[in-house]
Each structure stands twice: as structure tokens, then as C-alpha cells.
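Engineer: Let the sequences and hints guide you as you build the complete structure.
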Amino acid sequence: MEKEALKQQVKEQIVKFLNLNTVSPADIKDDEPLFGEGLGLDSIDSIELIVMLSREYGINIQDPKEGRKILTNVNTMVDYIEEHRTK
Amino acid sequence: MHLHQHICISPQQTNDDIGLDNITPSVDGKLLAIEPMLEGVPPGMLRRMSKAVRMGIGAGLPLIKNNEVDGIVIGTANGGMEDCIKFLNQIIDYDEGLLTPANFVQSTPNAIAGQLSLITKNRSYNATHVHNGLAFENAVIDAQMLIGENPGSSYLLGGVDEISSYNYNIDLLAGWYDKTKSNTELYTVASNATIAGEGAAMFLVNNNAEEAIAKIAAIEIFQSTDKSEVESRFKKFIADAVPEMNNTLLISGENGDQRFLPLYATCEYAIGSSIPVVRFKHLTGEYPTASAFALWLACQAIQQQSLPDHLYKYEHNLTQIDHVIMYNQYQGKQHSFMYIAK
Chain B
1 MEKEALKQQV KEQIVKFLNL NTVSPADIKD DEPLFGEGLG LDSIDSIELI
51 VMLSREYGIN IQDPKEGRKI LTNVNTMVDY IEEHRTK
Chain U
1 MHLHQHICIS PQQTNDDIGL DNITPSVDGK LLAIEPMLEG VPPGMLRRMS
51 KAVRMGIGAG LPLIKNNEVD GIVIGTANGG MEDCIKFLNQ IIDYDEGLLT
101 PANFVQSTPN AIAGQLSLIT KNRSYNATHV HNGLAFENAV IDAQMLIGEN
151 PGSSYLLGGV DEISSYNYNI DLLAGWYDKT KSNTELYTVA SNATIAGEGA
201 AMFLVNNNAE EAIAKIAAIE IFQSTDKSEV ESRFKKFIAD AVPEMNNTLL
251 ISGENGDQRF LPLYATCEYA IGSSIPVVRF KHLTGEYPTA SAFALWLACQ
301 AIQQQSLPDH LYKYEHNLTQ IDHVIMYNQY QGKQHSFMYI AK
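Listed in order, the protein sequences are those of chains B and U. Note that the UniProt record's numbering has the first sequence beginning at 1, numbered continuously upward. Note that the UniProt record's numbering has the second sequence beginning at 1, numbered continuously upward.
All clues given are correct.
BS3-like mimics (lysine-lysine), calculated; alpha carbons at most 30 Å apart, straight line:
| # | chain 1 | residue 1 | chain 2 | residue 2 |
| --- | --- | --- | --- | --- |
| 1 | U | K30 | B | K16 |
| 2 | B | K3 | B | K69 |
| 3 | B | K65 | B | K87 |
| 4 | U | K227 | U | K30 |
| 5 | U | K215 | U | K333 |
| 6 | B | K3 | B | K16 |
| 7 | B | K69 | B | K16 |
| 8 | B | K87 | U | K86 |
| 9 | U | K86 | B | K7 |
| 10 | U | K86 | B | K16 |
| 11 | B | K29 | B | K16 |
| 12 | U | K65 | U | K342 |
Hint data in this document are derived by calculation from the structure and do not stem from the laboratory. Just so it is clear, the structure is predicted and the values come from calculations on it, not from any experiment.
Structural biologist: Next up, the structure:
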């Protein structure tokens, strides 16, 4: 899958998995922080995203420090997915 | 126990600008509650809430934001059942693998009282009663006992239930609901089913009679499938609890299911034809904690001293409402009487 198409897919999955009723995939910028500022996600959302990576891409994140880096923004998520996806 | 403030979220215009003259029609045998705007709730919390929680927060939060309460007592048969089923389905779909927390956290019945507590940082008594069709009544009894033990204390008391697709389908297959039935002809089309509903009604209660809207003077609950037991208990309840019948209204939980008409009729007959009968399930549909709406309606009747004509079963000439007696039953098994006095 092309990188841009994968980014779009990840954004759609973020909106769906986190039930972001007031946000559309187009509103999420590639380099915008997902947590704190930017999208303003919280710790429960991080678990939801880890579950999403496992279900959709077969990626199991074991190390919380690693998870924090991977979930920085859409770009970091997509880079990690391209490298480690098993499905 | 005195009732001081109330908020009701229902399929009708019962929140903010209350208007019961126009009836919102049911769609496919369901009456869905009009959701309130939730102010003061963090967006992260809001987007994870099930409808039951949103309705509970919408009705309860304004009451406890404006009043200090010594506890939160909620009755709900099912809580956020829709999210509960989502969570259980995930267990199957993902072969008991990694599961997301939000659906589970929000699906338990005590999520409503829990979220109210978290938002307002109220760390006092927090209880949820889940006795199906008597869940709200058990919450009432709990609040009564708390006030009895702690005179001067105040509580948020409420009843909440949502229509979940899972429960609705089970109840539809069991013959409790009829998709073709409408609330506009709920009492005139004879059939062995009713329409589904949902809602939340919350009350601020304490033992202070000053400036109270009304008081719950007596309550009785029981389980029975025997009509004669309903009749004998109702007669005894009136004899023991109701000192006078002048200016009295009977609120009946009649729901258009003809199998249960004899139960309501026996109470109407026992109380006498001079007492006007008010029905409300064409406004709310049937749900396990519909008696919370009935209590809100009793408060409205006493406060406004009148109710729209479509609520009355027969023509009446009641000009003053000082007492309200309620009879409600759920699925022919769980019965409750309440006596509300000015």
C-alpha cells in the first residue's frame, strides 16, 4: 500500500476506534501530536490505539516506552506499521 | 422523603422548556429519548459514554452541580447494555485476545453513578440498584433509609435505562414489544405487546419539608403473577398509607399490552371511579425504570396543579392535585405502589 493511502487508512481507523465524533480524518494532520496538545488524546486512548495496531496490522507492542514513540503522531505510526506489520 | 428538584430526559419535551401538550410519535415501535447538550463534561469522557450514561449525566449533573449531596443513588435495570454487548462481541470476534477498555468501563450499570461522581469529585455514598423493573423503586427505598439514618443529608436519586439493540431484540422475540404499534394508538389497538422506551429522571431528595415540591410518603414493591395479590396489596396500601382521597390522582403504568390490563383495572376499581386516572407510557414507551418518569410526572402534577388532557384516561373535573398514587408493573411480575403527597 502507498504511504499516503496508509496514512489515510490510519486516520480513518483512529476516528473509528476512538469514537471521535467531532473530528474527521481530514482534520488530523500527519505531524500533529496525538496526545496532550493537538488531538488531545489520553491514556485510555493509547490502549485503544495499541489494540488497533494489534487487530489491524498484527503489531504487538510490549514496551510502553516504545509505544509512546510509535504513537507520537500519524507519521510515526505509519512508519512503524510499514516496517513491522504482519498483516 | 421530600423531593426538591428534578430533571427528566425522555422522548418528549421534558427537559428545559417543558411541553407535554404535543406528543412526539414513536418510530418502528420505539420512543427514543431526546439527548441533552452536556456542558462541563470533558470531551474525552463524553465520546466514550453510552446513551444511558449521557442521559444520566444530563439529568443528574445540573442537580449535583448546584447542590451539595451526600450520595448518589441510581436505579437502572441494564445500564449501558449497548456497550456491554459491544465488549462481549469483541471477546468472540477477537478470540479472547486483546480487548479495548472503553466499552467495558462504560458498560457496567454503575457507570452512570460512577461518572457523576468522577465529574463532580463527589466521593460520598455511591450505589446503583439493578433490580430490573424495580431498580428505581429500590433506589428510592435506599435513599429513604439513608435519610432516615442521616437526617439533614441530601441525595441525588435517579432512574435511567436505554433501549439497547440486544435487549430490544430479545424482548421483541419474547413478545414484549410490537414494531407495528404506535404511541398515538397505544391504548386503543388491542395486542399482546407494547412499545419500547427509554429515559432518565433525577431528583434531589432530603428530609427538609421547607420549599419541597412533594414527598414520597409511602412505597411498596413486590413480585407476583397473581392479580388477586395485586388487588389485596393495593387495597391495604391505600388503607395504611393514604389518609384522605380528596384531590387525588392515580398514575397508572398502563402500557397497551392487553395481557396486563386486568392488573391496572383492578387498581382503578379498588381506588374508586371518582379518582382520575393518568397514563404516561404513550409519552415514554415501556422500560424497566419508567416509574422514575411517573414520579417526575407526579411532581409536575403537584407543581402545575394540572396535566394535559391526553394524559387522562377519562374525563375529569379535578381542579386541585394534592395527592398522587402510582401503580406500575413490569412484565407482569414486578409491581410497585407509591404515594406522593404535597
